Each structure stands twice: as C-alpha cells, then as structure tokens.
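Enquirer: Residue numbers (this note's numbering), protein chains in the order written: chain A, 1 to 73; chain B, 1 to 371.
In case anyone wonders, no lab produced these hints; they're calculated from the structure.
Please read all numbers here as calculations on a predicted model, not as lab measurements.
Misleading hints may appear alongside valid ones.
To be verified - Result set (SDA-like, lysine to any residue): computed pairs, CA atoms no more than 25 Å apart in a straight line:
{"no.": "1", "chain 1": "B", "residue 1": "Lys-154", "chain 2": "A", "residue 2": "Asp-37"}
{"no.": "2", "chain 1": "B", "residue 1": "Lys-128", "chain 2": "A", "residue 2": "Ala-47"}
{"no.": "3", "chain 1": "B", "residue 1": "Lys-45", "chain 2": "A", "residue 2": "Leu-31"}
{"no.": "4", "chain 1": "B", "residue 1": "Lys-45", "chain 2": "A", "residue 2": "Glu-19"}
{"no.": "5", "chain 1": "B", "residue 1": "Lys-154", "chain 2": "A", "residue 2": "Arg-24"}
{"no.": "6", "chain 1": "B", "residue 1": "Lys-128", "chain 2": "A", "residue 2": "Ala-28"}
{"no.": "7", "chain 1": "B", "residue 1": "Lys-154", "chain 2": "A", "residue 2": "His-41"}
{"no.": "8", "chain 1": "B", "residue 1": "Lys-45", "chain 2": "A", "residue 2": "Gln-69"}
{"no.": "9", "chain 1": "B", "residue 1": "Lys-45", "chain 2": "A", "residue 2": "Ala-28"}
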Amino acid sequence: MSDGCASEHCITCGDIAVEMTVLRVDDARELALCAADDGRHETVEIALVLPVHPAERLLVHAGTAIAHQGGIL
Amino acid sequence: MRFVDEFRDAELGRAVSGQILSLVEPGRHYKLMEVCGGHTHSIYKYGIDDLLPANVELVHGPGCPVCVIPMGRVDDGIAVAHEDGVIFTCFGDMMRVPGSDGSLLEAKAAGADIRMVYSPLDALRIAKQNPGREVVFFAIGFETTAPSTALTLKRARAEGVPNFTVMCSHVTIVPPLRALLESPDLRLDGFIGPGHVSTVVGARPFEFIPADYGKPIVIAGFEPLDILQAIEMILRQLAAGRCEVENQYRRVVPYEGNLRALEVMAEVFELRPHFEWRGLGFISHSGLKLTEAYAELDAEVRFSVPGIRVADPKACQCGEVLKGVIKPWECKVFGTACTPERPIGTCMVSSEGACAAYYNFGRFAREREVV
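Excised from the complex, chain B in its bound form (with noise of 0.2 Å):
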C-alpha cells in the first residue's frame, strides 16, 4: 500500500478483521494496549475498536504528552511565568492543562506573558524579537518531541542568545512501560508500539518486551489499517506462541531509529535520577534534564522553581485510565464534572487523551448504552 486513501479502505478493514476473527481462541480474552495517545485518538475517531471480536480488549496507554505532567509541574512553571520580565512559551494543549491552583491559560488571564508556540523554534525566535525580557521554553513531550528542544538548544547556544532557556519536562518511554508490565493490576497480553517516537527512537529499545516479559509488540502507524494490521500481528504471534519486537511501520520506522537525532539528545540532555508522572508516581530515569554543559540555558537553574509535589484531586481518576486500568467512562467525574471545556484531568485536554478521545468521539453515550 502507498497512499493515504488505501490505509483507509474500507474492504481492506473488513479483511484485516476477518483475519484477526480468526486468530483469537474463543473463550480467551485478549487485552492489547495501544502506548500512543496518537493511537487512541485514532481507535476512536474510526471506530477501530468496533471491527474487533468482542474479546479483543484495546486498553490506553501512558503516551500523551500532556496527560503525564503532574500538576506540581504545572506549578512550576506558572511560579515561573509570574517572574518579572518573563515571557513563558508552551505547547497549545499545556495552557489548559490543571495545576494546583489554575492553569496557564488563567495565569495568562491573571496577566502574566504566556504564548502558545507551535514549535520550540518559535520560542527562540521570540527570545530573538525580545532581547530585552526572559524567555522560557516549557518542554514536554517524549522522543519524538524532545530532538526539536535539543536542536533548539543547540542553536540558542551558537547564535548566542542569551535571554532564552528551556524549562524542561521531556520523558521517555521505555521506564514507564515496564513499570506497567511490574504493574500488580494489569495483564497485557500484547503492546501497539508507538510509531512517532519509534522514528526517533527506533525498535530496539522495546526488545526488553518480549525478552523479559514475553509479551509481543508491534509498533504501528496511526492510519485504521496500521493499526488493523498491527493487532492482526500481535494475535499472530501470540497464536504461535511467539513474542517479538515486529515493525508494521517500516515505511518511516527505521529499526535503529533516527542516529542523528538520538547524538543531538545525548549531547543536550541526561536522565534524571526520578521523574514524577500524573498517575503513575515517580519512575527512575524516566525525565530528561540539561547537561551541564547547556546549564546557563536550564530555566530551572536561572529561576527558583518551587518544586512541590501536588496530589492529583481525590475525584479525578487519571492515574487508572493511564494504567489502562479503568476505562475513562468509568472516572467518576468523566463527562459530568470533567469534560473538554472543563477538564479537571489532564486526560481530558489533550485529543490524545483517551478520555478527550471517548469524549469527542461519542464513546460515552455508546458505552453507557451498553452498560
């Protein structure tokens, strides 16, 4: 397949479900979690989840960037913002995201100099424009985002821009699937690996999957077909009692990754000893931080950072939906207290966000028929 239009074929859909029908034993059931928010966003918006056999279970995964950052880290950067002379750049979906005591939307309103960029080049261009104020770049994000700050740094750093620096809360994803795979309260039976961050990153990194939990993994594209195709896979294998690292995104996924893009990051960030993720508690090595050598350009070196941590609000149930353990119709506070517009979790904000997902896409009233 080349284009577009036929990873969206209908009659290529049905014969992928067909094959996948006959691979699933009845009477077993399969749990499948797709990593990439990128991926529940797609489920949802066509209706993968509806070609598959009852038994096949699709269960989200921790792979938004937004939905991880826990709001003590939200914290953290509003204090920043309020600095004088600060102009605070973040990604559009960060503004809306809780902290303790509102978001960067309304510390915006409150009258601190927040901006939404599109891309941490943005950011540096402002700091260009600006000479004269502060300006912080928010990072979030995991591989796929993180070479573009590296990229940026480095080139702050040649230019000579002094005025910027980057208050950085990148992740990674390899520490927190295997803390769901020593998770007590979740069975998997297989993973759709994510194919954005497997661009950067390649497959390599997941080998640990099968080789210590022997669990298949298949990293996926985002078109209906990819993903189709990527559970037929993962049922294949586990039909003939394999597990193995399999790329059904070849056409971008090289299996060693992107090189350049992972030297740019090793010589710009190292791991943090432990990083806190909304839900999922503190995971070693699992944030980036600058290397001393970009320290002059590390936000939370050239800023007092209050660091506090912040538990998330007793009503909000973010951590089970990100550990697949929940569904996000069956939050208490989903679609009633907790909507798009209004989100008290940070899986509402984001349209990666598996409950954003069910919300926008009609899950929730589909579901609450069912039940």
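Bound-form chain A, shown alone (with noise of 0.2 Å):
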C-alpha cells in the first residue's frame, strides 16, 4: 500500500482530492513531483492541468491533478 492509502481509510475510495505543491515538473512525461502538507512526495500526472509551473497548488485525485489551486483553497 502507498503512503497515500496509510491512512484509516483510503482517500481515492472516498472521491477525496489534496492539495499538493509542485516541485518539479516534466513537461515531456507531463508528470510533476508534488509535495503533499504532510510532507509526503509523489509523482502526479498534470496532463489536464497544464501548463504547471513549480510552487503551483494543485488537486491531486488518484495520482492526478484536476484542477489548480490557485494559492487559495
């Protein structure tokens, strides 16, 4: 189980998004290390959110970002 299911319940099966901070990004991949609050990392697809540029926030579901924070909630 990844990090993202160690919780008592697992987010993706409650239709639940995060806010994540981008890192890094590859444009070719249209892939993006995010950073979650909690410090955890991942690799998130940003194909229907692009263009993403690093320290963008962005809703993360299910290893992908649906849409862009904005910097508010």
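Work from the hints to combine the two standalone chains into their complex.
Expert: Spelled out as structure tokens, the structure:
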C-alpha cells in the first residue's frame, strides 16, 4: 500500500482530492513531483491541468491533478 | 475567504447558521440531500447538522464510490484475481468490500496476489516491474477518478505495456440522481451538489435538476463553512421560489468543468447500456466501459468474468441508506453485526459511507439517546 492509503481509510475510494505543491515538472512526460502538506512526495499526472509550474498548488486525486488551486483553498 | 482556517471559523459558522434559521418557514420540513460521500463525512466530522434548525434534515446520497459497488462485481474481481499469473490491484477501501464469498482482502489472505494502490499509475508501474505477470487494475469511482484511469490507459498504450489491463467499474453521477428524483418513496427539496466530481464535469450536467424537477442544487466544497453556505443558498432559493444550479465552490469548480479531462474520458470510455448499483438496481447509461479502441487493455475482454448478479444480504439495508429512505442507525444490523471492522454493507466500509460516518463520529449513540 502506498503512503496515500496509509491512513485509516483510502482517500481515493473516498473521492477526496488533496492539495499538493509542485516541486518539479517533467513537461515531456506530463508528470510533476509534488509535495503534500504532510511532507509526502508523489509523482502526479498533470496532463489535465497544463501548463504547470513549480510552487503552484494543485488539487490531486488518484495521482492525477484535476484542478489548479491558484494559491487558495 | 481565502485560507482553510476561515472555512472552519466557528463565529462565521454561527453567523451562517443564523442566516439559515432566518430563511426557514416554521412548520415546513426541508429535506436536502448531500450527493457526495465527502460531504457526509464532513457533516458528521464537524457536527454541521447540529447547527441546523430541527426542520432542516440532511439526507445522504449515493455519492460514495465504494458504497455503490454491487456484490457481484466484487466476486468478478476476485475471480480475475485468482487467475494464474495475475497481480490484481485496487484502491484501499475496495479491498474490504464484501462479495458473496468474502472480500478481496480475504482472497489475498487465501493466496491471491492482490495489492493496494493509490493511483492507476501505481498499478501501471507494477506492470512494468513485472513483465512476466498480468496486472489488472480494478477501476472504481465517479468522474473524479475516471480521468486518472483514462490517462493511465493512454499512457499504457503509448508506452506499449502489454501486461496491463483495467477492469472498469467507473460510474457516473447524473443517472442515479435522476433515478432518485423519479423514486416515489423519496421527497427532496434540494441538493448539495458534489464538489470534486464537478471539478471534472462542471455544473452544466446538473441543470436538469431545476429544469425537469424544479429543485435547487448548489455545488459545494468540503469545509464546514462551504457546506453551511451551500445549505443557506439552497434555502434562499426555496424562500424566493427559485430553483437553479448555483456554484458555491467557485474557487475550484469552473461551470464548464475540466474540458481536457472530459475529452480524455470521451476518448477512452463509453457508457454501458446498464450498470448495477448497490441498492439502486440497474440504472441505464450509468456505468463506463472501455471503448473498442482500448479493448486490448480491457480486463473483461482478456479474462473470463463470471458476471453473476448477487443479491445483497437480507439483513443489510444499504439500498435504503443510499437512497436516503432510512438513516444509517435505522438499519437492523448497524453497529451490531455490521461495524467498520466487520462490515456487512458497503456503506460501513469507506469513511465516506454514511454508516461509517455515523459510526465513527459517535452519531450512533447520540441518535439512540434522542429516540
């Protein structure tokens, strides 16, 4: 089980999206290394929210960014 | 409001609660359905219903991805997981959903190679690491999750990963809402619309609710003040005799949704003629399957899937809970034979399930005291 499922319940099953901060972007593969607020790092699909830049906040569900947060919740 | 603390501010919450009180007509009973399991979870986690007048009732809807998976579909997954050479992957809570002869977790204990993953991309990674094995991803969830599966399928095809397939059990949110609105045993006054699903599909798909059924719907975020404000907006519509789609969660949800996500989904998925929902039965055009173009990545094409319909246990009343006809604690087995540790029904499995939310946040004891 990956860290994302390490809590009592699975956030993906729960239809929950989490905010993450972009650390590094691989434009060619449409992937980004992102950090959750708890410090966990994860590779995220960014194809649905391109363009993406480091330090941006993304809403991530099941390893895929589904929306920009624009710095606010 | 810009930051999370403000969305949990007790003073602001009480102020919105006061506005809600000023909008309700004494003697009228309001039934509002929160569609999304995430809202159910927040409502009981933060005690939002305690801030509402007694005549405003929140009814829990069918928006928990795990809760709506029927037993037969779990059995199908277990059958595929037992095939020689298969590594079967799925999200965490799905492991504990009971089938007719146990759960995926029990099948794993019995020797099947079943692994929990956080994302479809994790499952694809496992496939690349195990080229001699067949890796199947059990895809569940609404439109929030379906784009992730679609992107992974496109990636699997582009990278030429021949040993990766998807057993698609994705569902869509609009058909069950229509089914609920057609249901004679449920009278609703309005809907708190799903926040994260709407991030993908936008607000437009919900326009039929006011247009065809004359009910207001307000798409809402998941913080306590989001939900309270959405309730206030619904009641304001009702007080003014309006019914519209409104978007309380504008900081995330564009009215048109995520067009790129919708494009990807349209390329990879098509609607099934029918799909079975736990407790709701078969609903037309409510489930997704892979398109012909992606048939080589379809586990239901590559493997033999029993596809046998299995009736829910008689004692379990998940169907009535999912339709909002009864409260979780009114189910005969709630908190006794059915608990989060040993769930009988799906609503007790996921934290978004109405029964689990009631149980985990102590509503069981409180409701019983009131009775």
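Enquirer: Hint by hint, where does the structure go against what was stated? Just the numbers, ascending.
Expert: 1, 3, 9
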